[in-house]
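S.K.: Take a look at the letters that make up each chain.
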Amino acid sequence: MEGYVTRRTTGPLRSLAVLWVCLLSSPGCDVGAVHENDAVSTGFEWPSSAQLDADFHVPRPPLSDETFPCSDCHDPEIPVNRQRRELQMAHTEIQLRHAEWGRWCLDCHDAGDRDQLRLASGERVPFEESYRLCGQCHGDKLRDWRIGVHGRRTGSWSGEKSYLLCVHCHDSHDPAFKPIEPMPGPRPPRRTP
Amino acid sequence: MNEANGVSRREFLCAVAGCTAAAAGSCVDVTHTPFFRERLRELTPDELGAIVARLADSYRERYGRDFEIGTEPAQDGVEFAYALDLSRCVGCRRCVHACVEENNQSRDPEVQWIRVLQMDKHKGIDFAHATPYYDPETVPEPGHFYVPVACQQCRNPPCVKSCPTGATWQEEDGITVIDYEWCIGCRCCISACPYGARRFNWADPAVPDEELNTRTHVLGNRPRPRGVVEKCTFCIHRVRQGLYPACVEACPTGSRKFGNLLDPTSEIRYVLEHKRVFVLKAELNTLPRFYYFYGT
Ligand code: SF4
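So the protein sequences, as listed, match chains A and B. Residue numbering for the first sequence follows the working numbering, starting at 50 and increasing by one per position. Residue numbering for the second sequence follows the working numbering, starting at 215 and increasing by one per position.
Same shape as in the complex, but just chain B (with noise of 0.2 Å):
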């Protein structure tokens, strides 16, 4: 930002802070803090260890647990894509909460992060006359289907383009993400996703300590402070590692298929080939990376 002037962010902290030149490593400590610091994708990776690193010992502090925090940046040759079946979802929500165990979704005030709309089937794709609030006995109920919508992983997002500060971008291989220290809580992001997919943390999120998952990414599942915006990361966590998302593997229709698009043999590319597939509000030109489609 300010090396234009030849003063960079870190050397105007250090200035401001009152560091010298001799005193070069308090003022790399200044910048480490979770005020001062740099966004999580300008980081070296020795800053962002030691970034982690503290996240690691207040999170120690504050939950009495020791959270692995993952840095795995994008791999090459990796762009991820997901399919819904709507042929074969039964609107059963068991994606629903495998992702809120999995990516320490607070739980009152709740917060879930995938919501499945139910609608009819006369009326087709129809978002204005669709509920998430559906509660039978059994689904799925006749003559309904169900669309669950995450965060579509948009090739052109609206909601970085909106954020001021920055806080939020794409990776490499596909997944926007956010940095939880930069975000001031805006919510321009949240208007701006024309798939309703933000959630703002307006209290302490709460989980229950044993219900902790402390395998966390630093761009993902770490615990996240009151006053920010949280989404579907495609559980960067788990697919940096190889992974599938929690929600695939808890669908008991196997509904969910995900995978690497830049991969002809995967099945995600079988989708997109052989199957009848479509995208969310494509009007917008949002460009997801998440496709719906019917498998029979």
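The shape of chain A in the complex, shown without the other chains (with noise of 0.2 Å):
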């Protein structure tokens, strides 16, 4: 699979991210936790969240050339409408089915820079991380996919391994998981007459 390295970005403007929407979403998010499940207390030490920044290897996002980048449609110079709306001219085929009664198009997506995303601190993150914006309220989930527990890896169990983004298996507008066809089950036993 192709891959290419994603490398989160770290400083002082993330961690006061990563604070306000753990002090935010709280309980759900633990993206500086270590864990503390001690009823199994191995002696060993979890990474530490700076550990587990390191890198992952992820394909590219699954955006379309005839949509990305999005600024190609979504001019600078036209002023933005922020207002809450149901789009009429354009992404109409967009059905949002994620918490749709919360939210619509630009608490995710940056107004100001359309070919990047936008976290609840206001700080932009480029579609290859789009990861962090789900982790934002899918605390879990991203703990666990860092590790390696959710979502599929390829590559090596001891080596380097391939990761998947949230949004290859989860469409971000309508993230429930489909019911899929099944592959041929196996022949029943022939029973002699």
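It is worth saying that the hints were derived from the structure and are not from the lab. One or more hints might be untrue.
Stated by the list, open to error - Calculated pairs, SDA-like style, for lysine to any residue (alpha carbon to alpha carbon, straight line, at most 25 Å): (1) Lys210(A) / Arg302(B); (2) Lys190(A) / Thr510(B); (3) Lys489(B) / Asp189(A); (4) Lys227(A) / Ala312(B); (5) Lys489(B) / Ala225(A); (6) Lys337(B) / Pro237(A); (7) Lys227(A) / Glu355(B); (8) Lys495(B) / Asp189(A); (9) Lys210(A) / Ser480(B); (10) Lys335(B) / Glu230(A); (11) Lys190(A) / Thr479(B); (12) Lys495(B) / Gln384(B); (13) Lys210(A) / Thr479(B); (14) Lys210(A) / Ala312(B); (15) Lys210(A) / Glu487(B).
In this text the structure is predicted, and so the values were computed from the model without any measurement.
Each chain sits in its own coordinate frame; assemble them with the hints.
M.R.: Okay, structure coming up:
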């Protein structure tokens, strides 16, 4: 699989963002938390969040050349209509089924730079790091994903692995996993008459 | 075996084959033939190399393809384990078919090492009422959950104990393997396994030539003869080279987790330490290395 490395930005801005998001959305969010399940103590220290910020190998986000970069259509010169509304002119195929009662486009897409996403803190993140956006609410999933337990891994159990972004499996606008067609089952044993 | 009397199996076979001490070379050849060789685990690397070379020749003759037959031993400090997330598995059987292709399982008669059992949510884990034959338009079906079962790689494997010829054993890294030339097809192991994980080749296994996987391991997915037992080896040819098993990479829901139990940073250790985990038929004390867990 073609993969490339995304590097998570660090720095005061990000730490502040994390802190703020954690305050906002606890207890679901524990982006920075080390696992506190002491029931099974192995004497082993789980890597800190900073250590976990190591490089993740992810394939390109599933953005089509037709729609990306978004700024091809969203000309920065055109004033932004920040009014929450049902879209009539474009993107009418998008049915938001993802906490739609409380959110709309500009909660996740950055109004100033359409080619990026936007955290609750206002920090911009590129589409390659969209997991940071998802992790604002789904902190437990982000934690498991980083460790390699949520989502599919390919590559080496002992070495380099490829991660998938959340959006490779979940449609960000309608994220519930859809039923799929099963592959054929085993042939039942033949019975002799 | 006969060492106690000062006569090894090899010397004995030499004598039977009419070898003299002067013809020791041909003697070695006899013990390298499929019928007369020692078990694979008892061979020196040189002997193993010679046997694998012969095997490759016979496969080339039979299938017209060059097979790569690995002999990688277990690595130090590695004990494999597997965990499957029951809260995510949707019963799509992608793993089953990836496994069939990766491990050269017979298409007809059909041999499948993984069996996905559909169970009723309100009954819980209940083998008596489970079925592998479900066939709806889409999965998961409401009210059901899915339990894929393959070899559980027990630490205390009843199959190994039941084998009269010592043709199956547990390797250092925890994988229970089968020596296909030593298997006499008595199927004691099949009846001993509480998980129904072992399969028997009632007829010559049939794999279309173009679908053969030529990357193999001598203890794993190399083509099997008729009349022997086979089963999941955690994709021994892949995992001993550091790769994930094929089913891990095929599962679209990411339900399948694999790694080294002895590595505290592995995802498998994380699962065991942080999730609700159980094993199948724990009361039998087979101590599986295959765990089931709830990821949510
Ligand atoms: S491929 Fe994954 S989701 Fe599908 S049956 Fe196998 S384990 Fe379950």
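S.K.: Which hint numbers doesn't this structure obey?
M.R.: Of the numbered hints, just 8 does not hold.
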